[in-house]
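Peer 1: The primary structure of each chain is shown beneath.
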Amino acid sequence: MTEPILSLRGVNKSFGPVHVLKDVNLDVHPGQVTALVGDNGAGKSTLIKCIAGIYTPDHGEFKFDGKVVNITGPRDATALGIEIVYQDLALCDNLDIVHNMFLGREVKKGPVLDESAMESLARKTLDSLSVRTVKSIRQTVASLSGGQRQTVAIAKAVLWNSKVVILDEPTAALGVAQTEQVLNLVRRLADNGLGVILISHNINDVFEVADNIAALYLGTMAAQVAKNEVIPRQVIELITTGVSAGVEKAGVK
Amino acid sequence: MSTSTTAAEVTETSLKSAAQDYWSKVKAGDIGALPAVLGLLVLCIVFGSMSSVFLTPGNFANLLTQAASVIVIAMGLIFVLLLGEIDLSAGYASGVCGAVLVILITDLGQPWYIALAASIAVGMAMGFGLGTLVARLGIPSFVVTLAAFLGFQGILLILAGEGGTIRVEDETVLAIQNSNLSPTLSWAFYIAASVFYVLLGLSRINARRKAGLKAELFKLWLIKTVSLVGISGLAVWALNLERSNNRELVSLKGIPYVVPVILFLLVIGTFVLGRTAFGRHIYAVGGNAEAARRAGINVKNIRIAAFVICSALSAIAGLLFASRQNSISPTTGGSSTLLYAVGAAVIGGTSLFGGKGKMRDAILGGLVVAVIDNGMGLLGYAAGIKFIVTGAVLLVSAGVDAVSRRGSSV
Chain A
33 MTEPILSLRG VNKSFGPVHV LKDVNLDVHP GQVTALVGDN GAGKSTLIKC
83 IAGIYTPDHG EFKFDGKVVN ITGPRDATAL GIEIVYQDLA LCDNLDIVHN
133 MFLGREVKKG PVLDESAMES LARKTLDSLS VRTVKSIRQT VASLSGGQRQ
183 TVAIAKAVLW NSKVVILDEP TAALGVAQTE QVLNLVRRLA DNGLGVILIS
233 HNINDVFEVA DNIAALYLGT MAAQVAKNEV IPRQVIELIT TGVSAGVEKA
283 GVK
Chain B
1127 MSTSTTAAEV TETSLKSAAQ DYWSKVKAGD IGALPAVLGL LVLCIVFGSM
1177 SSVFLTPGNF ANLLTQAASV IVIAMGLIFV LLLGEIDLSA GYASGVCGAV
1227 LVILITDLGQ PWYIALAASI AVGMAMGFGL GTLVARLGIP SFVVTLAAFL
1277 GFQGILLILA GEGGTIRVED ETVLAIQNSN LSPTLSWAFY IAASVFYVLL
1327 GLSRINARRK AGLKAELFKL WLIKTVSLVG ISGLAVWALN LERSNNRELV
1377 SLKGIPYVVP VILFLLVIGT FVLGRTAFGR HIYAVGGNAE AARRAGINVK
1427 NIRIAAFVIC SALSAIAGLL FASRQNSISP TTGGSSTLLY AVGAAVIGGT
1477 SLFGGKGKMR DAILGGLVVA VIDNGMGLLG YAAGIKFIVT GAVLLVSAGV
1527 DAVSRRGSSV
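Which chain is which? The protein sequence lines are A and B, in order. Counting from 1 along the first sequence, just add 32 to a position and that's the residue number in the working numbering. Counting from 1 along the second sequence, just add 1126 to a position and that's the residue number in the working numbering.
Since the hints were derived computationally from the structure, they do not count as laboratory data. Even for Gly, the Cβ is constructed at its ideal location relative to N, Cα and C. Check the hints yourself; a few may be wrong.
Stated by the list, open to error - Quick look at which bits of chain A chain B covers, simulated, 3 or more residues with Cβ under 8 Å:
no.	stretch
1	133–146
2	165–175
Stated by the list, open to error - With a Cα cut of at most 25 Å, we get these calculated DSS-like pairs of lysine-lysine:
no.	chain 1	residue 1	chain 2	residue 2
3	A	K156	A	K81
4	B	K1345	A	K81
5	B	K1142	A	K141
6	A	K167	B	K1512
7	B	K1142	A	K167
8	A	K140	B	K1336
9	B	K1345	A	K141
10	B	K1345	A	K156
11	A	K140	B	K1426
12	B	K1340	A	K140
13	B	K1142	A	K156
14	A	K167	B	K1345
15	B	K1426	A	K167
To be verified - Derived, one-sided and incomplete: chain B residues facing chain A with beta-carbon distance under 8 Å:
no.	residue
16	A1318
17	R1401
18	A1403
19	A1417
20	A1421
21	K1426
22	N1427
23	L1505
24	G1506
25	G1510
26	K1512
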């Protein structure tokens, strides 16, 4: 197995008296989809916000590409190549796909926006993800379906040579066909060599696309296991009780 | 793997598919300039057939100078409206800035350019204050600018003093709204502006083709450009006709100076909104402030900047008021000015919900408002009826805006 691109050891985070993350370990490998599962309040959001630099963990070690790094703000995470796609996508409906993908990081020629360069680069990125569902990348995001919006948000995240992409419940609001499209896209991200963290409540989605599964239970990492070593029932047990017969407790191995 | 899609993109679309594209844009809530242009055309035909004076060159020039200050205020308002905010004080801001200008010239004997710079600086300071209260304290812009509406009215009243009006006699200031380019210069200006416009369009199409991207349909561009250049040519020809009532005493010919001033503001504003990162960020904040914030845009600074620009343009409108009225009075920029300016922006196609609008909306909408005002005046309708009709047109435009927005979000 490859060296992890991102590796967390003993991450702790408290908000006042509430100890949200307790000694959490997580490994994300390039070219793999790591599903992060857990019930509401298990600490999934807190964990990814720590990775994205929105929260600073109280203590714990971050290794990125084998080197210990210090992430103290969103800019640090972005500089390393970590991108988050939030559940609410954060797209501007009134702008077109190209504008959205480059929002805040526009390509300029002097003081003037270089629309041609941005459009070519956006097109190249969408092609590299084999996105064929959008007709014109100059249409406004308002005219896109939920799945297409998700596609744009993901393409925006991979545009910047990112190495790790975190997807927060990308299929939560989608229909069957669109869920399938987005999951295929998630798979292609990993096939393109990125480390992907997929947060999902849907065990079927997880088993369809993930390579390994990390289950959080009340702020502790119940287990991080390869997908083909477990069956859905065991994962549900990990999510709801934190233990499952036949699955090693994380950190024990 | 990308060749198939890229090739499909490059092949030029036909006029038919361009029409389909337009229709899908309308369905997505973007109606564009067509309704305002058609409305303007219908209004001109109606008033032209009902009044013998409406279509005379004299009235045409008059209409332009009438519309000028409202257009400039509307241009400023568009920056604020794009954020989904409003500036109700823009009208009186122009009055206050106009008063500063006139006082500096008449009472303190300053040259016009120093006075203009000072009045724009005052406008920017007022906008900075408004923007700071809205962006940093989080007071709704409606309330902040409503308070400023009253406050600026008070300042204007104090500045105008007991006499009530301050006259201005500076030749440059008066010339802007009262004098014209000579007919030769008018044609020269027209040709220069047309060449600039055509070259700009051609270079854009060329640049996109070179980069292998789908360019605007050439036929469509040609139709748009030829009609725009043709109509402006007709307008220049009309303005170059003699329109003085007493030809032996004085000759009135040519484009009013205010027209190049407004076109200059149009070019600058369009460039800033459409071609710079700052302009893009204004649209982004208006479309989804949270998304803009996450993209690393300083949303507060963008908001403040929009209010600063709005009030700075109001200061220029103040200059136009002073020039047209030869003076500043406590009602300068008051009564229906602000409502006409908001109406102009919305009728032109700018959304009150933010995120949608262009500089040219101010001109199109401003002309519609001025044509209604002017045409109904010529037909002898009372001010009351004019207000009701203008209000109704504004309401219809805002209704179209709201409905098209609803259509897009479904």
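Peer 1: Hint by hint, which ones does this structure get wrong, listed from lowest number up?
Peer 2: Checked against the structure, the hints that fail are numbers 3, 4, 5, 6, 9, 10, 13, 15, 16, 21, 22, 23, 24, 25, 26, while the rest are satisfied.
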